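Asks: The primary structure of each chain is shown beneath.
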Amino acid sequence: MKDVVFGQIYPVDSPVHRADPRAKLLIMIIYIVTVVFVPSFMLYGIIALTLLAVILMSRVPPLKVLSGLKAIIVLAIVTFIFTVLLNDGAGKEAELATFGFFVEFGPFCICGSGLLAGGRIMCRIVLLILGPTLITLTTTPVDMADAVEWLLAPLKLFRVPVHAFGMIMSIALRMIPTLFEEAGRMMNAQKARGACFDHGNIFKRAGALIPVLIPLFVSAFKRAGDLADAMESRCYNGGKGKTRMKVLRFSVWDVLAMLFFAALLFFVLVCTYNWWGWGWTDIFKLDMIEPVVGRSVLG
Amino acid sequence: MQIEIRSLSYIYNPKTPFGKLALDDISLDVEEGDFFGIIGHTGSGKSTLVSHINALTRVQLKYNKNAVLKVCGIDLCAKKPDVKTLREKVGMVFQYPEYQLFADTVRQDVGFGPKNLGLGEAETEERVRAAVARVGLDYDEIAERSPFELSGGQKRRVAIAGVIAMRPEVLILDEPTAGLDPEGKKELLALFKRLQREACPTVVMVSHNMDEVAECCNKVAVMNEGKIAGVFSPRELFTRRELIKGMGMEMPSVTELAYYLAEGGVPVDPSCLTESELVDGLLNIYSGGDK
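Order-wise, the sequence lines are chains E and Y.
Residues in the first sequence are numbered from 1 upward in steps of one, following the working numbering.
Residues in the second sequence are numbered from 1001 upward in steps of one, following the working numbering.
Hints were generated in silico from the structure; no laboratory data involved.
Here the structure is a predicted model, which is why all the values come from computation and not from measurement.
Even for Gly, the Cβ is constructed at its ideal location relative to N, Cα and C.
Incorrect hints may have been included.
Only pairs whose alpha carbons sit at most 27 Å apart, straight line, appear in this in silico BS3-like list of lysine-lysine [as the list claims (entries may be wrong)]:
1. LYS1115/Y / LYS204/E
2. LYS204/E / LYS1015/Y
3. LYS1227/Y / LYS64/E
4. LYS1080/Y / LYS191/E
5. LYS191/E / LYS1070/Y
6. LYS1015/Y / LYS70/E
7. LYS156/E / LYS1065/Y
8. LYS1020/Y / LYS64/E
9. LYS1245/Y / LYS1186/Y
10. LYS1115/Y / LYS1089/Y
11. LYS1186/Y / LYS204/E
12. LYS1245/Y / LYS191/E
13. LYS70/E / LYS1020/Y
14. LYS64/E / LYS1062/Y
15. LYS1227/Y / LYS1070/Y
16. LYS1089/Y / LYS191/E
17. LYS1065/Y / LYS1245/Y
18. LYS191/E / LYS1020/Y
19. LYS1089/Y / LYS1020/Y
Residues from chain E shown here face chain Y by an in silico Cβ test under 8 Å; the list is partial [unchecked claim]:
20. ILE9
21. SER14
22. ALA189
23. GLN190
24. ALA192
25. ILE210
26. PRO215
27. ALA257
28. MET258
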């Protein structure tokens, strides 16, 4: 339970914390697209350095950001293993010629191309998690929900209840820590009555959670009812004509930051596809060793 | 000695900007037969302290090299304390205990604790019956009903019965009367006093209601910002008006009334603790002479 970093803001004051949440959300989307397109380790390095710079600027301890990886470390390792084992690159001869080794066992094999591909996937997963983790560490959930609502605003034209989504999201995010706390309290109360949550097989453990889950649901429903009453008694009617207490405004720095990340995306795309045939883009793909099929046959 | 605490400290979220010293070098002794009160402002560490007694919060050995925490002879500073036996001996009633009810029937809910102790059907049944009767409810009427359809006060009694059914030696109460009406409070306090006499000799009660403390406890520890500001008898404590007020707490309403009466020139004892004391005092003054 303690590993849940999502929705846990690290409360210090920094330029990253102060940035407009909408800008942060857009940057996060651009960043994710960028990471997905990155073809080479060198470009991953550039992205990682950019991320590191932002982390340092945010004054969140880098270890705290890294701890966001705990949840997906298993996924990343399993992905790596399978990518390596199932990738036979350009075939045995070509691999042997380029990298000098090719280990086969049954349907699996380990080869240079596979290792590189696995490494890239690892980099991709790690960077994909770290970016959003940093955003959640520097943005309050409520700000985030506002930003999402703003981003989805065009859908209002198609009669999508965007405001309702935003409200649902802010309330849900707001309640996550409360429910965790409540769950902790319930567990303590039942532990004090001799309940045991860490013994027995999986069915027993799941069964042991019933005395926690039932009161948790009861209180969640009660809370929801109370909140609805409180909102209605303050004349909330679904957002028509609702004004904001905190009006969001883009600052120059927000715009500059967005432009920077857009430029980074553009740069990565140019390096990857090389639309105009520029020679210098290959510098950033030096580590992309491609076995040449056929060369080893001659040798 | 039922509970022995020596230089116990506790830090919430160590090594983060949320880090907070919740307990700061606490030492306390609770003896058998005590109705021990712990008072203090919100956030003074009361709840953290009592949750140590039940091992719900483990002693942070890293920061507690010299600490001692012994409850019913079980050493909780050991690497692996015998938590199972401990929880059998120490019963804990949480704040708003009615929120932890979960079973289909009152009988099952109260029987949850005894079942966890590994008692048989017959023994469990007998304990449930006794516990429900002890909290002042009619077993035959209530046993097969759902705890969720009871009234607020009844729910709380059922939840308390769930703890008593484990027959603890030490009972810990965390704000047991919070959210009840005055009548309900009175009944519940009477219940705890009776319980202490008949079944469970040692009671520790966390409270910030001074009226309750004045009425029930024989010893009171005052907590302030994670430290023990002192252990007093209620009579001693409530003569220290400055100490209490200085920590942002209230005096018992009876003592407060007596204080202002005395200030205004009425010759009553300003250290009255209970209603009957004050009433007797006033009767003495205003009709005693005439009798």
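Asks: For which of the previously enumerated hints does the structure constitute a violation, in increasing order of number?
Replies: Result: hints 2, 3, 7, 11, 12, 17, 19, 20, 21, 27, 28 break, sorted rising.
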